[in-house]
Amino acid sequence: MLRLINLELQKLLLNRASRVLIFISFILPFTVLILSSIKINFFGFFTLELGELGIFNFPIIWHITTFFASYFKLFFAIVVVSMIGNEYSNKTIKQNLIDGLSKKEFILSKFYTIVFFSFLATVLIGVGSFLIGLYYSSYTEASIIFRETEFLLAYFLKLVGFFSLCLFFGMLVKRSAFALAFLFILYIFEWIVFWIVVQASSTDMAWKVKNFLPLESMYNLIDQPFQRVLMTKYPEKIDMSYDYAVHWYELVIVLGWTALFVFLSYRLLKQRDL
Amino acid sequence: METILTINNLTKKFGYLTAVKDLSFTINKGNVYGILGPNGSGKSTTLGIVLNVVNKTSGDFNWFNGQISTHEALKKVGAIIENPNFYPYMSAYQNLKLVCRIKGVDYSKIDEKLGVVGLLERKNSKFSNYSLGMKQRLAIASALLNDPEILILDEPTNGLDPQGIHQIRTLIKKIASEGTTILLASHLLDEVEKVCSHVVVLRKGEKLYSGRVDEMISSHGFFELKSVQHEALASFLQNNPDFLSVKEEGELITAFLKEPMDASTFNKLMFENGITLSHLVKRKESLEEQFLKLTDNN
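Top to bottom, those sequences are chains A and B.
Counting along the first sequence from 1, when you hit position 33 you're at 33 in the UniProt record's numbering, and nothing is skipped either side.
Counting along the second sequence from 1, when you hit position 49 you're at 49 in the UniProt record's numbering, and nothing is skipped either side.
Be aware that one or more of the hints could be misleading.
[What the hints assert, rightly or not] A short, non-exhaustive set of chain B residues, derived as facing chain A with CB atoms under 10 angstroms:
{"#": "1", "residue": "K12"}
{"#": "2", "residue": "P38"}
{"#": "3", "residue": "G48"}
{"#": "4", "residue": "N52"}
{"#": "5", "residue": "N65"}
{"#": "6", "residue": "S69"}
{"#": "7", "residue": "E72"}
{"#": "8", "residue": "A73"}
{"#": "9", "residue": "G78"}
{"#": "10", "residue": "I81"}
{"#": "11", "residue": "P84"}
{"#": "12", "residue": "Q94"}
{"#": "13", "residue": "R101"}
{"#": "14", "residue": "Y130"}
{"#": "15", "residue": "A143"}
[Claimed, not checked] Below 30 angstroms or equal to it, Euclidean Cα-Cα: the simulated BS3-like pairs (lysine-lysine) are:
{"#": "16", "chain 1": "A", "residue 1": "K94", "chain 2": "B", "residue 2": "K21"}
{"#": "17", "chain 1": "A", "residue 1": "K91", "chain 2": "B", "residue 2": "K174"}
{"#": "18", "chain 1": "A", "residue 1": "K94", "chain 2": "B", "residue 2": "K204"}
{"#": "19", "chain 1": "B", "residue 1": "K207", "chain 2": "A", "residue 2": "K94"}
{"#": "20", "chain 1": "B", "residue 1": "K109", "chain 2": "A", "residue 2": "K174"}
{"#": "21", "chain 1": "A", "residue 1": "K94", "chain 2": "B", "residue 2": "K97"}
{"#": "22", "chain 1": "B", "residue 1": "K123", "chain 2": "B", "residue 2": "K109"}
[What the hints assert, rightly or not] FRET-style restraints, in silico, Cβ to Cβ:
{"#": "23", "chain 1": "B", "residue 1": "N65", "chain 2": "A", "residue 2": "L186", "range": "46 to 54 angstroms"}
{"#": "24", "chain 1": "A", "residue 1": "Y249", "chain 2": "B", "residue 2": "L120", "range": "55 to 63 angstroms"}
{"#": "25", "chain 1": "B", "residue 1": "S131", "chain 2": "A", "residue 2": "V193", "range": "52 to 60 angstroms"}
{"#": "26", "chain 1": "B", "residue 1": "P88", "chain 2": "A", "residue 2": "F189", "range": "33 to 41 angstroms"}
{"#": "27", "chain 1": "A", "residue 1": "F116", "chain 2": "B", "residue 2": "L120", "range": "54 to 62 angstroms"}
{"#": "28", "chain 1": "B", "residue 1": "T26", "chain 2": "A", "residue 2": "G256", "range": "44 to 52 angstroms"}
Source of the hints: derived by calculation from the structure; they are not laboratory data.
The C-beta atom is built at its ideal place from N, Cα and C for all residues, glycine as well.
Full structure from sequences and hints, please.
The following block contains the structure:
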């Protein structure tokens, strides 16, 4: 396993474009996190301190940071599709196989790398949130700090699932740009499915169906936190309450998609003549 | 003799097109094999199948008597097919390091093999800055990294200038002289004739001949003749049972021998029959003529 990760890391880190993108996808969310946590003074007129809104309180900070950080996954998605696209355009995939890498190892080396980077991203966000939380949070009892850390698990799975989807699209179309376009098409497709079910049945049913589709199921892992922030500000408005927790079945759906995408990528490669 | 590769009734279809048809042959250790065939005869497809990048339709093949899986076997094989494929943004050294990681070879081999192909001074240049000849030599270095049991080369001199072709051929001969088994696919006959001891001839995916190169050129040769008594000479040859066939091209008559006969015996025979020759050359068919003869008749 270490050999396969090393192999892929060498391919990625020696490529300037992917090195920059990897750097961005890790450093940018982190910088945003740090910047948003410091007190910004607007030329003495007023000071903006997001920390005062209470969003850096435990346990809500886990929810907020993972939700926003997951938007930066698109940068690494470009890396994932291009690491497949490049292998095809340079024909190095063929050379790798001739040199004695099996098709299974080829896919696994990509997948392990995805898991590796997702894990790294999760650890970074975890540590960052923890430190900022310690600084700002009004509650610092261990039981409160570690409540809702399942958002980190959800964040990790969300990344792995999304990148596995990118891996599959990359294998399917062999070209990075088209693979990214496919992501967009899938997004539209999910809304079309939603619309069809709404016509055929009810909106309620349509949401249920959409929750099983790949992109929606990944999005569902971490629900939007805005409503929750408002709820903490105005606790008297009970009608705003909603279900934002991470559910086991949401995790299972994403795990299922991940397994399917990795398996399909392997099947595609196995059946293809290079 | 130790068997390296066995191919049994291998068939590959691309839709309606049959690229390889019921192909069988065996590669033994220590020989230099050539796969010969015109463009599109299935050479690269055959190599692609045994190298794990093309899926076979039917038949089977096994490496080293089938004791190990194909991708494990490929770690003991060195192969370059078509164009050299490397990561353009990496240097020669980094590219070979990656191959070492795949094959499980020690990094110390890199400098050694770059020295063999004469690229040691340029080892830190990016692959994208290499000339085609250098790329091809890097590919050979990469194939040699694991000190392979067999070296597979697919059209290694394709697209190179005469100097590059010469460099690559010298390199191949050197490797062959060290006892490495080589499988060389080519449509260049003199290449195969100069380097190989055994040959497999393919046409439209079918095997036409397989065996030793010198046995392929097994005929007794032919005479090229000219004479003032053209008609007499032609009719004499046609009625003589020692000759297989006679071809006339203008003044030149080519007579193919059925039985061995040397030029002086023939000259004497002519003289006894009252025919004087103005031109007499005895030749053996080249591999090229043999090859064209094999691939021509449908």
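Results of checking the hints against the structure:
1. K12: Since chain A brings a Cβ to about 9 angstroms from B/K12, closer than 10 angstroms, the hint holds.
2. P38: 21 angstroms, violated
3. G48: 7 angstroms, holds
4. N52: OK, holds: B/N52 within 10 angstroms of chain A, min 5 angstroms.
5. N65: 18 angstroms, violated
6. S69: 8 angstroms, holds
7. E72: 7 angstroms, holds
8. A73: 8 angstroms, holds
9. G78: 9 angstroms, holds
10. I81: 7 angstroms, holds
11. P84: Holds: closest Cβ of chain A sits about 8 angstroms from B/P84, inside 10 angstroms.
12. Q94: 6 angstroms, holds
13. R101: 5 angstroms, holds
14. Y130: B/Y130 check fails; min Cβ-Cβ to chain A is 14 angstroms, beyond 10 angstroms.
15. A143: 9 angstroms, holds
16. A/K94 <-> B/K21: The given pair, whose Cα atoms are some 23 angstroms apart, holds under the 30 angstroms limit.
17. A/K91 <-> B/K174: Status holds; Cα separation ~29 angstroms.
18. A/K94 <-> B/K204: 24 angstroms, holds
19. B/K207 <-> A/K94: Measuring from Cα to Cα gives roughly 26 angstroms; hence the hint holds.
20. B/K109 <-> A/K174: 33 angstroms, violated
21. A/K94 <-> B/K97: With a Cα-Cα distance of about 17 angstroms, the restraint between A/K94 and B/K97 holds, given a limit of 30 angstroms.
22. B/K123 <-> B/K109: 13 angstroms, holds
23. B/N65 <-> A/L186: 46 to 54 angstroms: 48 angstroms, holds
24. A/Y249 <-> B/L120: 55 to 63 angstroms: 60 angstroms, holds
25. B/S131 <-> A/V193: 52 to 60 angstroms: At 53 angstroms between Cβs, range holds.
26. B/P88 <-> A/F189: 33 to 41 angstroms: 35 angstroms, holds
27. A/F116 <-> B/L120: 54 to 62 angstroms: This hint is violated: roughly 34 angstroms between Cβ atoms.
28. B/T26 <-> A/G256: 44 to 52 angstroms: 47 angstroms, holds
In summary, the structure is inconsistent with hints 2, 5, 14, 20 and 27 from the numbered list given earlier, while agreeing with the others.
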